[in-house]
Every structure is written in structure tokens, then in C-alpha cells.
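K.L.:
These protein sequences, in sequence, are chains V and H. For what it's worth, our numbering labels the leading residue of the first sequence as -10, then goes sequentially. For what it's worth, our numbering labels the leading residue of the second sequence as 2, then goes sequentially.
Keep in mind that the hints were calculated from the coordinates and are not lab data. Quick caveat: nothing in here was measured; it's all calculated off a predicted structure. For glycine and all other residues, C-beta sits at the position ideal for the given N, C-alpha and C. Among the hints, erroneous ones may be present.
Residues of chain V placed beyond 10 Å of chain H at every Cβ, according to the derived structure [what the hints assert, rightly or not]:
1) ALA58
2) HIS68
3) TRP126
4) THR130
5) LEU138
6) THR142
7) ASP169
8) GLY186
9) VAL235
Derived Cβ-Cβ restraints for the label pairs, each shown as a range [to be verified]:
10) H/ASN15 / V/VAL197: 21 to 29 Å
11) V/GLY215 / H/ASN79: 56 to 64 Å
12) H/ILE45 / V/ARG108: 34 to 42 Å
13) V/GLY157 / H/GLY24: 28 to 36 Å
14) H/ASN79 / V/ILE183: 33 to 41 Å
15) V/ASN172 / H/HIS23: 52 to 60 Å
16) H/GLY97 / V/VAL168: 40 to 48 Å
17) V/TRP164 / H/LYS78: 43 to 51 Å
18) H/THR114 / V/VAL168: 42 to 50 Å
19) H/LYS78 / V/GLY159: 36 to 44 Å
20) H/ILE89 / V/ASP139: 34 to 42 Å
Using 27 Å as the maximum straight-line C-alpha spacing, the simulated DSSO-like pairs for lysine-lysine come out as follows [claimed, not checked]:
21) H/LYS78 / H/LYS26
22) H/LYS78 / V/LYS222
23) V/LYS222 / V/LYS104
24) H/LYS26 / V/LYS147
25) V/LYS104 / H/LYS81
26) V/LYS104 / H/LYS26
27) H/LYS26 / V/LYS222
28) H/LYS26 / V/LYS103
29) V/LYS222 / V/LYS103
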Amino acid sequence: MANHSEAAFEKQPMWAGGRSPFNVSYGKLMMWIFLLSDAFTFSSLLVQYGAQRFSNVQTAVTTKWPDPASIFNHFPFLHGLHLPLLFVSVMTFILILSSVTMVLAVEAGHRNSKKEVQRYMFYTILGGIAFLSCQAWEWATFIHEGARLDGNTFGITKAGYDHLHSVGFGSHFEWNVAVDRTNGPVPFAALFFIVTGFHGFHVFSGVVINVVVYIMTVRGVFERRGHYEMIEKAGLYWHFVDLVWVFVFTFFYLI
Amino acid sequence: MEFYSKPGEYDAINYIPHTESHGTKELWRTFWILLGITIFDFIIYFVMGPSGFRNVIFITFGLVKAYYIVGAFMHMKNEKINLALMIIVPTLFIMGLIWVMLWEGNAITESHTHHTVEAHTEVHK
């Protein structure tokens, strides 16, 4: 039966109408197209970031582009310790984990198992909220240290780098602001806020979508409909958010 | 499944292809791969000093992670090649644009470094 219909599908002319050339539902196809356009938006920001960073020259009033490890080196509850990259790795781990629970919800939806979809969607929402909380903490710390949209006090002098490199991973570190720091390139802080903010807004809307889909699952909407396609569409969006974070993590923190 | 052979009955808006579960084994394997690469990123960051080669490693790892997220989590591997190409080909052009703009930015830096007057460069040292 299955083979027969598959064969019938293959025999139809691809673009002559009367069938889906992509063999996906209308909603899923539109979600893919939306994600592609969203990828364009994010890449325009990444293009801007890359061009700014590479064309960044030292001027009389600002230093060169600062090393991200010298700035994002904080960890909640471990105040004053030099822990570069650790917190953002934890955030990445949270997002990957919530991606897995999302795809498990999709898989449970394929088996029409309402209970499992419900459980995994709940975990996914928790992961999203945890990620947003981490980001809020990171922003608060960064702003508290003097970063603004229209300015950047993270111009790190040579003395500052020497000071930073003299402490090991996990040891106590405090800026000697007068000597170590001066004005940095303005786009550094601005681009950080815009790009992570734009991504954070996507995570936020993803959480809202997941909550809506979760409530629909609980109320049995998909069970009556006979399929859990909506979970797949929400899942596509959620994975896209994870995908964008992979590149934000690479370009803003690692490089 | 009859409507494939009866074009008049095909309803583009309400058409839902039949899907089935492929099991959770591959999903968990993908999770461990992604986690492993992220830990590897973390290790390389501290073991190697900053260099162009290290950046190439990081970007390669990013693309590998993207491959696994799109392929396994978003089920792109199970989609028709038409759909996959429609999504992937434009993103390749995006990567080209990013590369070109990095080149451009670098050229600006070079021109500032080599073509400024003596007194000007004095200040910046």
C-alpha cells in the first residue's frame, strides 16, 4: 500500500500542479521559507559585525577591538573570578538540551502520544526560560560594568592585557580601571546588544509559541485533529533559534 | 492516498503528508555529537593561542553543528531534495557575502595601517 502510493507520487509530473513538489504541508513549507528570510536578517547583522570588526583600527580615542574573553568572564555566584567562556558554554548546553527535548516532542507527536508530547514540550519551555534568564544576567552584568549602546568602556590597554594574562583560569581578577581600561570601539557593545538581543527576542517568541502549542496539546486540539503537525512547525522555529545561537557563540565569544 | 492520481482532489492547503517516527536513537546520538563539539570548542579555546587557524577550526565546528541541527533535528535529511536545495543554496550565497565583507573590512584596516602620515601613526603607538 505504502509503496504503491509512493510510486504513484513519483509518477506525477513534478511542477504540473495537483501535488506538492516538496511533499510537505503548506504550513511547514511556509515555516521553512520564513526561516530562510529570518536567516537573511540575522546574516545582515553578522555581515555588519564581521565588517566592523575586521575594519577596526586603533584611533587616538579608542583602542582596537577587545578580546571577548577579557569581558565575558563572569559566572553567577562566583563573583570576582576570571572564568572566560564558561557561562556562555553553559548557556549553549541549555539551548542544545532544549533542542533535544523539542525534537523528542516531535518524535512523540509522530506516534500520536499526547502524554509524551506534553512532557517534552514542558521541558523545552523550561529550557527556553532558563536560557533567557542566563542572558538577562549576562546583560545586567555587562551593563553594570559600563557597556552602553552608544559607548564602550572596554577599551583594553596593553597594561590591561598584561594584567589579565597574569591571572589564571578561575583565579581572582579585578580590573584596575584607571590603568587597564580606556574607551573601546563603540560598535563592540552596540553590536553585542543588538545581535544577542535580537536572538534573545527570538528565543522569547519561541517560548511564547511553545507555551501556546503546549496549551493546545493539553486541551487535546491535536488529538482531535489526528496529527501533531503543529509541534513540527514550532520545532522548526525552535531549532532555528538554536542554529543561530551556534553562530552567535562562534563569532561573538570564540573568535 | 488516492488523491495523488486524482489532481482535482488534491488540496494544497490541507494536505498533510504521512509521517512516521524514526526512533530516538539518532536524536540522542546527535545530542552527544553537539555536546562533544561544544566541549571541544571550549578546550581548544584555552589550549591554542588566538590565531587564524584556530578561527578556521571554530568556524568549521560551527558548520558541522549546523549540519547536525538542520539534518537531524529539523529532519532535513528526510525531506525531498527540492526542499533541501531551496533552503541550502541561498545560505551558501550568504556565506559568500560574509566572506566578501570580511575581506573588505580587512582592506580598510590595511589602508589605515599603511597609508597614514607619519605624525598620525606616532599618536597611535
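K.L.:
Are the hints correct? Go through all of them and say.
P.N.:
How the hints compare with the structure:
Non-interface status of V/ALA58 relative to chain H is broken: a Cβ of that chain comes within 10 Å, the nearest being about 8 Å off. Its beta-carbon lying about 22 Å from the closest one in chain H, V/HIS68 satisfies the requirement of being farther than 10 Å from that chain. Chain H leaves V/TRP126 outside its interface by the beta-carbon criterion, the shortest separation being 20 Å against a cut-off of 10 Å. At the 10 Å boundary, the C-beta of V/THR130 stays outside the reach of chain H, the nearest C-beta of that chain being 20 Å off.
The Cβ of V/LEU138 sits about 21 Å from the closest Cβ of chain H, beyond the 10 Å cut-off, so the non-interface label holds. At roughly 20 Å from the closest C-beta of chain H, the C-beta of V/THR142 stays outside 10 Å, upholding its exclusion from the interface. With 10 Å as the threshold on Cβ separation, the claim that V/ASP169 sits away from chain H holds: the shortest Cβ distance comes to roughly 19 Å. With a closest Cβ-Cβ approach of about 20 Å to chain H, V/GLY186 is found to remain outside the 10 Å limit, as its non-interface label requires.
Non-interface call for V/VAL235 relative to chain H: violated, since the shortest CB-CB distance, roughly 5 Å, does not exceed 10 Å. A hinted range of 21 to 29 Å for the beta carbons of H/ASN15 and V/VAL197 is consistent with their spacing of about 26 Å. The supplied range of 56 to 64 Å is broken by V/GLY215 and H/ASN79, whose beta-carbon atoms lie about 21 Å from each other. Hint check: H/ILE45 to V/ARG108, Cβ distance near 36 Å, so the stated range 34 to 42 Å holds.
Separated by about 45 Å at the C-beta atoms, V/GLY157 and H/GLY24 break the suggested range of 28 to 36 Å. Between H/ASN79 and V/ILE183 the CB atoms are about 35 Å apart, so this pair conforms to the stated range of 33 to 41 Å. Against the hinted window of 52 to 60 Å, the Cβ-Cβ separation of V/ASN172 and H/HIS23 comes to about 54 Å, which satisfies the hint. About 43 Å separates the C-beta atoms of H/GLY97 and V/VAL168, a value consistent with the hinted range of 40 to 48 Å.
About 48 Å separates the C-beta atoms of V/TRP164 and H/LYS78, a value consistent with the hinted range of 43 to 51 Å. For the hinted restraint 42 to 50 Å between H/THR114 and V/VAL168, the CB-CB distance of approximately 26 Å leaves it violated. A hinted range of 36 to 44 Å holds for the C-beta pair H/LYS78 and V/GLY159, which are about 41 Å apart. For the pair H/ILE89 and V/ASP139, the beta carbons lie near 38 Å from each other, so the given range of 34 to 42 Å is met.
For the hint linking H/LYS78 to H/LYS26, the alpha-carbon distance of about 15 Å falls within 27 Å, and the restraint holds. Taken as a hint, the H/LYS78 and V/LYS222 pair is honoured in the structure, with Cα atoms around 16 Å apart against an allowance of 27 Å. Only pairs whose Cα atoms come within 27 Å are accepted, and V/LYS222 paired with V/LYS104 is accepted, the gap being roughly 19 Å. The straight-line distance between the Cα atoms of H/LYS26 and V/LYS147 is roughly 51 Å, outside the 27 Å bound, and the hint therefore fails.
Note on V/LYS104 and H/LYS81: the hinted pairing is violated, with a Cα-Cα distance of about 30 Å set against a maximum of 27 Å. Restraint check for V/LYS104 and H/LYS26: satisfied, since their Cα atoms lie roughly 20 Å apart, inside the 27 Å limit. For the hint pairing H/LYS26 with V/LYS222, the CA-to-CA distance comes to about 22 Å; that is within 27 Å, so the pair holds. For a cut-off of 27 Å, the pair hint linking H/LYS26 to V/LYS103 stands: about 20 Å separates their Cα positions.
Between V/LYS222 and V/LYS103 the alpha-carbon distance is near 17 Å, which keeps this suggested pair within the 27 Å criterion.
When the structure is compared with the earlier hints, violations turn up for hints 1, 9, 11, 13, 18, 24 and 25 and for no others.
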